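Visitor: To convert, note that position 180 of the sequence shown is 167 in our numbering; the numbers rise steadily by one, no gaps.
Errors might be hidden in some of the hints.
What the hints assert, rightly or not - Computed Cβ-Cβ distance ranges for the label pairs, DEER-style:
| # | residue 1 | residue 2 | range |
| --- | --- | --- | --- |
| 1 | Asp81 | Val15 | 43 to 49 Å |
| 2 | Val121 | Ser178 | 33 to 39 Å |
| 3 | Ser286 | Val12 | 22 to 28 Å |
None of these hints come from the bench; they were simulated from the model. Computed from a predicted model, the values in this text were never measured in an experiment. Glycine is no exception: its CB is placed at the ideal position from the N, C-alpha and C atoms.
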Amino acid sequence: MKSGFSIRSLRGRNNEGILLLVIIVILVGMAVISPGQMSLSFAGDIIRSGIVTMALALGLLPVIISGGMDVSFTAIAVFSGYTVVTVMNSSGVDGRVWPFLAAAGLGGVLGLLNALLVARYRIETLVATLGTQVIIRGALLAFIGSTYLATLPTLFDSVGATSVLSLGGSPINVTVLVVLGVAALVALLLSRTTFGRSIYAIGGDREAARRIGIQVARVQVGIYVLAGVLAGLGGMVHMVVSRHASPFELVGTEMNVIAAVVIGGALDSGGRGSVRGTFLGVLLISLTQNSLVRLGVSSYWQSFVIGFVILLGVAVQARSALLAVRRPQILEEAGA
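From just these sequences and the hints, can you work out the full model?
Guide: Okay, here's the thing in structure tokens:
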């Protein structure tokens, strides 16, 4: 009994222990296959490629915990970031901090559109966000612009040139501190606030949550506005890190972000998920991508392997959730 308890403790509530073990296995495999690739610059590349994915995943996490799905977050991210940069270029107004706040605010407004469709009109979340994704992308290209901006405003671009440290010649942009700060805030929000507990309750059983007095529609509005805010912030982080602005980027990468959240333990059925698990999910995908690049694997095989890792991770989490549901039923039947 004691042994079983310790194994479950190591595994973690959302299988974080298993995820960490998989990451260690991949690292050991890389060390055996190509020991010369195990360097500080390799670690730096993993962090750099995971910053934007983590920023977007933090906004998606509460949506999935609540039992919903959002595929519009990349469209919101690109719209918010590109619009702010375009306004900065046309007006001549520059800055380091306020563009991030402006993009986050614009993302929140766009997230409100999702909230209206889901909370007010009760449209299925996947259908609603598919619709808003198309609308937002169309509005961006029709009214804002479709031009690739090779340079950013001077002060804003200086953020992209600022690093907090360099790992083996691979600079880590200062925005990693912003993303880590947001991760800490989201973790506190989910675990220490009434709003966070309401998100888990809605994901676990929406009708039961309603019966105990939770204002489901109001909480859903908060969830999708928060998702929009963090998507807008993620879009700006992407443009700072890449040091250019394009209306055609990010959209199409939704699956990597969704997979990172789901692999981290948040199931589309709702009621489960954590920032820690999401962090490990992002790390696993970023590690896999960078390992394949370092090993010289072709892009076709990269897609295949990454898809296999995603499918395997989702399957493990789904199986774990199924066993968690069946175990209490078996115990209940045995007691009867």
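Visitor: Quick check: does the Cβ-Cβ distance between Asp81 and Val15 fall within 43 to 49 Å?
Guide: Roughly 47 Å apart at Cβ, these two residues keep to the hinted range, so it holds.
Visitor: Do Val121 and Ser178 keep their Cβ atoms within the hinted range of 33 to 39 Å?
Guide: 35 Å, holds
Visitor: Taking the CB of Ser286 and the CB of Val12, does the distance hold inside 22 to 28 Å?
Guide: Given a distance of about 24 Å, which is inside 22 to 28 Å, the answer is holds.
In this structure, none of the earlier numbered hints is contradicted; all agree with it.
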